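Next come the chains, spelled out residue by residue.
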Amino acid sequence: MTVLMNSTLPTRRRSLGTLIGIAVIIAASVIGYFLFPNNLALLTRIVATMLLVLSIDLVTGYCGVATLGHAALFGAGAYGAGIVSAHFGITEPLTMTLIGAVAGALAGLVSGLVILRAHGLPQLVLSIAVVHLFHEVANKASSWTGGSDGLSGITTDALLGLFEFDLWGRTAYVYGIVLLLIVFVLLRILVQSPFGMLARGVREDPVRVAAMGASVHSVMLRMYVISGAVAGIGGALNAISTQVVGLDSLSFTLSAEALVMLVLGGTGSLYGAMVGTVSFMWFEDVVSAANPFHWLTIVGALLIVVVLFAPKGLYGSAAAFLSRRRGGGK
Amino acid sequence: MSLFEVKNLRKNFGGLAVTNDVSLSLAPGDRLALIGPNGAGKTTFVNLVTGHLKPDGGSITLAGEDITGVKAMQRVQRGLVRSFQVTRLFADMTPQEHVALAILQRDGKSTRMFGRHDAMRQVVEEVGDILNLLGLSELAHLKVREIAYGQQRLLEIALAMALRPKVLLLDEPAAGVPQAETARIERALDMLPPDLAVLMIEHDMDLVFRFAKRVMVLAAGTVIFDGSPQDVTQDVAVREAYLGSYANAGSAA
Ligand SMILES: Nc1ncnc2c1ncn2[C@@H]1O[C@H](COP(=O)(O)OP(=O)(O)OP(=O)(O)O)[C@@H](O)[C@H]1O
Ligand SMILES: [Mg+2]
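Residue numbers (this note's numbering), protein chains in the order written: chain A, 45 to 374; chain B, 414 to 666.
If you're looking for bench data, these hints aren't it; they were derived computationally from the structure.
Nothing here was measured: the structure is a model prediction, and the numbers come from that model.
For every residue, glycine included, the Cβ atom is placed at its ideal position computed from N, Cα and C.
Wrong hints could be hidden among the right ones.
Simulated restraints on C-beta separations [as the list claims (entries may be wrong)]: (1) B:ALA561 <-> A:PHE207: 58 to 64 angstroms; (2) B:PRO606 <-> A:LEU230: 52 to 58 angstroms; (3) A:PHE365 <-> B:ALA440: 52 to 58 angstroms.
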């Protein structure tokens, strides 16, 4: 009985955590909207990138898979949504997003099948090879993708038949926030489910997971597919909001930057992924405007400081600090 | 017919025969101790039969079925469960989560993507029972990295119990546990289901004598003794194998 009663405590705290998360996302979006009314395109790009970083967190933070090729999944979603609009006249935004998710999930399945064959450093190298392959395929199939010129001619209907995607990017921004909220809630459910617990087990000790009779490979592959769907939604959002898809959405650079954002925020937590993305992209924007010559140096210096002094990332370190304070106060 | 049967198992590591023609069989309810000097190949034997290592020869049968080529995780699903000589647990997870995961896995529910283990009544109750049985209730919500090693050893046993195996292979369950706490490990071993077949590797001879009804001695990969605990200390070959290394064996355990 005591165990039963004890166990309701963390349960409630975690549902509360989800509600707080939703409230914080909404509050931050409203503040962003009023602070930067002329820069909604940047905010939408941050949201799309956030979906990519969340997606990396699922495989890296929760399952312990090292990847520098995750933009392949994001780009697959972007091209999937873009191509059906530009070539097949499927311009309904929800359908485009769904197709982006499916394309991302398929890319996740394919790259998962390749990357999960190896471990550690070889795994990292395979992930880089995968994103280069995706990039090359998109480059060569220029009749479909526009090659290095990028895919243009993407048109989008009004959202729900009511809200046109306007020039200021208001609709795209709100749509992005709604997508982010939906993904956030679904991922909270996922990471707290038995499967989420199993995934954490895989990250901490795959041998123990196997000794329990579970298939480590199948856990990681499933997570890769889910992660692909999330990244694909991010890619589709990018295609819908910018109406172009460039090869950079499938690049090694984007993969590496997104991983850096995750490490900056803290791996293994949805909040860490989101905090890392906002901090990195906001900082990059400010610094590159203030000092266009040395901004990369400054971003690099910031990263070194964070990794050395807050190895759990901005969110991870703050959360650890708070829980220590709380523990000490008792 | 025996529940678990190993025949002529062989394994070489770079020319060294670490497992040399080892055979053994277990029936439900058996309590067998596998002892031997350090490096005798005891852990390797467990790694081979559980599928963590691939044998060079020999066969393994569980409940009448040949499992020699079966994947490690499927052997677990069929009821062949092991514990580890050096604790393998999830440092950032709680004992409650560990046991819940084992139960969910056993019941084929560990890949469910919705719902929470701590909201599943039956899981919570069973977790409570198992942790209670092993005296770990107080620690249910602490992270494993925060609990003492002796208690982590108990949690290893809890995980094995939660999987409800037919055959359990315990690799030095008391290794690394302070002398004062081995009694708790021993009590946990007493609470294993009576019809479970148990093979226990152990260096602590007092524990071996109290636990086992049968003892096998492995030296340099070969079985040199198989018989009752009373006879093992009298056996000349066993004495020779342990000479010089018995003192080490006790302290290095
Ligand atoms: N993967 C491996 N590769 C090469 N040699 C190995 C491997 N695993 C074990 N060995 C060697 O096989 C021998 C038997 O090791 P094993 O761990 O099975 O001994 P043990 O009887 O469990 O000893 P202890 O009582 O110290 O746990 C040792 O000499 C060890 O060095
Ligand atoms: Mg050993």
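Hints and how they fare:
Taking 58 to 64 angstroms as the suggested C-beta distance range, the pair B:ALA561 and A:PHE207 conforms, at roughly 59 angstroms. A beta carbon spacing of about 40 angstroms between B:PRO606 and A:LEU230 contradicts the range 52 to 58 angstroms that was offered as a hint. Remark: the range hint 52 to 58 angstroms for A:PHE365 to B:ALA440 is upheld by a beta-carbon distance near 56 angstroms.
This entry does not satisfy hint 2, going by the numbered hints stated previously; all others are met.
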